[in-house]
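*Asks:* What follows is the residue order along each chain.
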Amino acid sequence: ETGVTQSPTHLIKTRGQQVTLRCSSQSGHNTVSWYQQALGQGPQFIFQYYREEENGRGNFPPRFSGLQFPNYSSELNVNALELDDSALYLCASSVGSGLGGNEQFFGPGTRLTVL
Amino acid sequence: DQQVKQNSPSLSVQEGRISILNCDYTNSMFDYFLWYKKYPAEGPTFLISISSIKDKNEDGRFTVFLNKSAKHLSLHIVPSQPGDSAVYFCAASEGGGSNYKLTFGKGTLLTVNP
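First to last, the sequence lines map onto chains A and B. Going by the working numbering, 18 is the number at position 18 of the first sequence; the sequence numbering is gapless. Converting from the second sequence to the working numbering requires adding 1000 to each position, the first position being numbered 1.
Keep in mind the hints are simulated off the structure, nothing from the lab. Virtual Cβ for every residue (Gly too), placed ideally from N, Cα, C. Where hints are given, some of them may not hold.
[What the hints assert, rightly or not] Examples of chain A residues toward chain B, derived with CB under 8 Å:
| id | residue |
| --- | --- |
| 1 | Gly40 |
| 2 | Gln41 |
| 3 | Glu103 |
| 4 | Gln104 |
| 5 | Pro108 |
| 6 | Gly109 |
[Stated by the list, open to error] Stretches of chain B that chain A covers, calculated by requiring three or more beta carbons in the stretch to come under 8 Å of a beta carbon on chain A:
| id | region |
| --- | --- |
| 7 | 1040 to 1047 |
| 8 | 1105 to 1113 |
Bound conformation, chain A alone (with noise of 0.2 Å):
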């Protein structure tokens, strides 16, 4: 069974650019969610995709948005990227949202520095 996969590993941006990460969910997943990881800080939810629509949102500006396909792999594009967007991203995929759903499997992340 293959795990949560994300890529890039690393990239590095100047601001205003944009950026794209990608997840592949583990199999059997149809549930992806995307966190925002600070520098000495823990996971901040930034939204969820299930099936293919967003199922909730965190406190994060519209200049992050998402996608999920219909494999069920997912993307996470954040546009005029500022300097406080260095962070790791990670992704996280399940089975089913809201009660009744499992746990969350955690890709490694990606981490994204913006100069």
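Fit chain B to the known structure of chain A by using the hints.
*Replies:* Positioned in the frame of chain A, the structure of chain B alone reads:
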């Protein structure tokens, strides 16, 4: 405003002894709590969880205690092993079980010395 707080950034214990990691929360709507463990260069790994209708859940060496009136939970690891050295995150969910939006604490770095 941090809704989940882990006030100890680090904890050091001797191998074989008990490790106790603490977590406090402020949102009374949280009804499901989880502990995750994170090694460097890896994503968080689920460890153990507890629903708000329980006050204790045990899984092998790991036990989580929940005190709803104090809005406090703790993770006990007995006996501690060097492989337990990692960052431990407390997380909570509101009305969505384990699968919905998780609110995390800042984490506690546990070091188990041989």
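*Asks:* A separate judgement is required for each hint: does it hold in the structure or not?
*Replies:* Tested hints:
no. : hint         : verdict
1   : Gly40        : 7 Å, holds
2   : Gln41        : 6 Å, holds
3   : Glu103       : 4 Å, holds
4   : Gln104       : 6 Å, holds
5   : Pro108       : 5 Å, holds
6   : Gly109       : 6 Å, holds
7   : 1040 to 1047 : holds (count 6)
8   : 1105 to 1113 : holds (count 3)
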